[in-house]
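First to last, the protein sequences are chains A and B. Okay, so the first sequence: first residue is 1 according to this note's numbering, each after it adds one. Okay, so the second sequence: first residue is 1001 according to this note's numbering, each after it adds one.
In case anyone wonders, no lab produced these hints; they're calculated from the structure. Quick caveat: nothing in here was measured; it's all calculated off a predicted structure. There may be inaccurate statements among the hints.
Claimed, not checked - With a cut-off of at most 25 angstroms between alpha-carbon atoms, the simulated PhoX-like pairs for lysine-lysine come out as follows:
#1 B/Lys1307 <-> A/Lys14
#2 A/Lys99 <-> B/Lys1356
#3 B/Lys1452 <-> B/Lys1507
#4 B/Lys1282 <-> A/Lys106
Stated by the list, open to error - Quick list of the computed label-pair ranges, beta carbon to beta carbon:
#5 A/Gly23 <-> B/Lys1264: 23 to 33 angstroms
#6 A/Ser81 <-> B/Ala1291: 28 to 38 angstroms
#7 B/Glu1323 <-> A/Lys133: 39 to 49 angstroms
#8 A/Ser29 <-> B/Lys1364: 32 to 42 angstroms
Stated by the list, open to error - Only part of the chain B face toward chain A is listed, based on derived beta-carbon distances under 7 angstroms:
#9 Thr1290
#10 Ala1291
#11 Ser1292
Beta carbons: idealized from backbone N, C-alpha and C, even for Gly.
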Amino acid sequence: MLSKIFEKKTNTGKILIVDDEPGMVMVVSKFLKHNGYEVITAQDGVECISKSESELPDLILLDNVMPNMDGQTALVKLRASNKTKDIPVIMVTALSDEKNIASAQKGGAVEYVVKPFDYTVLLEKIAKVLKSKRNVS
Amino acid sequence: METMTTEQTQVLADKKLIKVLLVEDDENDSRLAKRILANCSRPVKFVIESVGTISEAVEYVGSREYDVVLLDLGLPDSGGIETVQKVSEANPHVSIVALTGLDDEQAGLLAIQNGATDYLTKSMQLDNLLVRTVLYALERKQAEEKVKRAAHEWRTTFDSISDMISIHDKEHKIVRVNMTLARFFKKEPKELIGKRCCELFHNTEQPRQNCPHSQTLKTRKPGSLEFYEPYLGIHVAVSTSPVFDDEGEVTGSVHLIKNITERKLAEEKLIKANEKLEEYNKLKDEFVSTASHELRTPLSIIMGAIKLVLDEIPGKIVPEQREILSEAMENAQRLSNTVSSLLNISRIESGKMDWKAEPVDICKLISDTVSNCKTLAREKDISLDYEADQRSIDILVDPDKTKQVLINLISNSLKFTPKGGWVKVSCTEQDGEILVSVEDCGVGIAQEDMPKLFDKFTQFGRKAGPGEKGTGLGLAISKKIVELAKGRIWAESEPGKGSKFTFTIPKT
């Protein structure tokens, strides 16, 4: 019982899911919520920026291909703004080639996952990133 | 007919040998001439043959070698110019000295106009005059022949140059053209002489602004220009060189005109082909991007949705529901693997895959990979083991791609090995290479299937019913990866007994 409470405590955090696919958003939200995270969502790069600035999530799950503004561009803008530059970003991409991954990392993404990903692995990565963020602060 | 040249005769003796044919019907005159020539004081020796008629003369000149022909114009069977012409025809290269009657200057001059090199009237035939005339005539003839040969050589060279050449004077008028140019304009060279270059090449009255001939005339320096001439319908590269007279004044220029139409066309073709290639490359990249996204996104959602239910997050499920959903999950995974394989092979073939080497303990990499595959092996009741003759070997490899190859080989072995069988992975170091082998006791590969083993989309032993199917790309991808690492991959097999796949990675 106690361990469950502690587990929940360390898993707490606000995660912003940025994806224009409603199916993706639904599935990932359910996983995250089940694991104790608070979830907010955005449909494209523009909404991503505005919600990041207003809600200040602990982590952003950023898809790449979206209308209006894609993930790479949003990432650059996030890093450029003082308000949002310290929010860790995990990039979600369908392209597994090195060039895309390298540019995501250069853009400032702290991690990346390639679709279709193992959801367990995703949860592990999220936990790792949040833990190291907490340790830093 | 080659006459003995001055140089050749000088080499022979201190006396120069000169072969003379004396054509004279008068006995006295003949004897006199012979005596004069025999007694000459110069360092020459005249070798004289004599005949009395023109027909004999023609026969001798045509069949034997002489340096000089002393020709009496008044012969019994011929006279005057005819005599000279006949001998000249028989051999155009021999020097003819005409002997005319007393004081017949006119006949002598006429003889020269018709092919004789010199003449002597009978009153002039004193000792030294005869000898001197003969020698002088010989020299003159030889000099003429030299000039003729040189001119012929020059002319041949000029005409044989495959580019067009024209020589123009200060008024831009053509002074000379070579055969290549004449042929291009389908005219005889003499028809083109006097035409101005702007007339001939551009069909205009005045030379153009950038006419290289005008430039060269002005600057006294070579000029050049490349352009398309619509009047002739060709691309040309023109270079002009100034021609100077003795006072250093420019009197005209030599034009070298290269027809570069073909070259230009080939260049244009190449540029267009390159542009097309760039376009196709871009299209291909866009296609791969789109395909990646459109295939992988729905797959992601499907697999996530199924996993949610299997993990019982919305609520508990019964075993039959689990069975059904597991089947769905497996196939979603299979679809995902196929997409990955296709995208992989597409990337490799575009040359977009890199081998990113880092320091890795290859033994550990292999043992970790093998451990990850043990679950799958256990499901099929196959024992999967790793044997190494060393605890650790550090080399530079791309870990992800090496794993990919290993997993491909292991999963192939598991696919084709029956229940209760075994698969053995081993690793050794040999001759500066790392050898990794995956051996099984499965169905093996037929000899006739061996050559096509690593080809794309080829599969052997594909069975109906339960069991994994595949895209037939696994080994092709593995081969490309190993080749990228500058290694080799091959298979040994015996049908019914088993197979052993080995790949090498160079240590350096």
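Going through the hints against the structure:
no., hint, verdict
1, B/Lys1307 <-> A/Lys14, "23 angstroms, holds"
2, A/Lys99 <-> B/Lys1356, "12 angstroms, holds"
3, B/Lys1452 <-> B/Lys1507, "28 angstroms, violated"
4, B/Lys1282 <-> A/Lys106, "23 angstroms, holds"
5, A/Gly23 <-> B/Lys1264: 23 to 33 angstroms, "57 angstroms, violated"
6, A/Ser81 <-> B/Ala1291: 28 to 38 angstroms, "34 angstroms, holds"
7, B/Glu1323 <-> A/Lys133: 39 to 49 angstroms, "41 angstroms, holds"
8, A/Ser29 <-> B/Lys1364: 32 to 42 angstroms, "38 angstroms, holds"
9, Thr1290, "9 angstroms, violated"
10, Ala1291, "9 angstroms, violated"
11, Ser1292, "4 angstroms, holds"
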